[in-house]
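2 protein chains.
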Amino acid sequence: MEPSNYGTYLVTQESLSPGRSTLEVVEAAIDGGVDVVQLREKGADTRWRYELGLEVREVTAEAGVDLIVNDRVDVAEAIDADGVHVGQSDLPVSVARELLGPEAVVGCSASTVAEAEAAEADGADYLGVGSVYGTTSKEVPEPEDDVGPERVAAIADAVSIPIVGIGGVTAENAGPVVEAGAAGVAVISEITAADDPAAATDALASTVERTKRQAAERD
Amino acid sequence: MEPSNYGTYLVTQESLSPGRSTLEVVEAAIDGGVDVVQLREKGADTRWRYELGLEVREVTAEAGVDLIVNDRVDVAEAIDADGVHVGQSDLPVSVARELLGPEAVVGCSASTVAEAEAAEADGADYLGVGSVYGTTSKEVPEPEDDVGPERVAAIADAVSIPIVGIGGVTAENAGPVVEAGAAGVAVISEITAADDPAAATDALASTVERTKRQAAERD
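As they're listed, the protein sequences go chains Z and X. Counting with my numbering, you get residues 66 to 284 for the letters of the first sequence. Counting with my numbering, you get residues 66 to 284 for the letters of the second sequence.
Everything hinted at is true.
Pair ranges (Cβ atoms, derived):
| # | chain 1 | residue 1 | chain 2 | residue 2 | range |
| --- | --- | --- | --- | --- | --- |
| 1 | X | Gly84 | Z | Asp222 | 43 to 49 Å |
| 2 | X | Glu182 | Z | Asp222 | 56 to 62 Å |
| 3 | Z | Arg85 | X | Ala264 | 51 to 57 Å |
| 4 | X | Gly84 | Z | Ala280 | 53 to 59 Å |
To be clear, the hints were calculated from the coordinates, so they are not data collected in a lab. Don't be surprised by glycine CBs; every beta carbon is placed ideally from N, CA and C.
Please work from the sequences and hints to get the whole structure.
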């Protein structure tokens, strides 16, 4: 799948999932129409991530949903993921690309225009831009770092690769992120901590698709 | 270098080094005659480990000293290390081998005969066995888990790949580990936290070599 089709993007974190396994959350998100899953699971040991990754790879492959691994290029290779997502403190995009080859998807986190332009120049296929609205997924929220839909728009103007907005995004506030030029939105808690993760995914996907349709009709 | 020649094995951890960089410690250990360096740096971010790894690779390659990366197969590939060392919670030995190829060194931690036999069957080139004497390098020492030279001997009897003893090893107590059948000893603090890391490496190497010579003369 092309990252320009990453409309609804689930980032996994079992520690933020009340009483459900990541595999259950992923299966529900697939039922709800998710486009791509990122195996994150910060703080978990490598063996567990690898074994979980094999299971998640099976259900995502069957559903035609992309699977991206956070940070670990080796885990991505080992579970035959579609690609990797690196942050500013992870391996450089160019190194991930060299290890994974030209066909793999390499995404990169960026919160400024400068980071976004550098990641694009380094060979990134898409950008995760945030935190758009702050986040409930980190222990210490840093609201002063929120980039807002305005920064998403500035980055979308500056680069030609697709952007996914992340950080505090819900079905209610996803519209302005897409209007700002994002191809989609990435969430942890909105799906993972929802009473009904499939319904939450469907609601998010509906907002993204409706906003894109409205924007297309306007143009 | 064959892992059977890993007599003196430095495991790096800058956070345990008082006022010295890992690069300085590695350079001193090379002066003192170290055989192999493992880039560990638990808790550090990937980018930092990668950049440090490139520097350590340069000085170790120049000195003909092997470089092994803890846990991260991707970092090992990215910095052109000689191999990787995996623990029981890291990627399986067989997966590391598949990613790195037949020429790479793949080491594995083992504290029981069962773990040692499984790692050998899985394709490990050497074993890190410990904690031999407890350790000062973990926040919460677990002395009840010390394996002692006796367990080193039991594992050396059970497998045919080389063993490196780790955990609380010093120049004073390394002899019994080598007498038990270890090819060498691995240390963090003994070198990293020493007043003179080069002298500490030399003292450790002297104990290992003297013990091996005495054992050979006895046989």
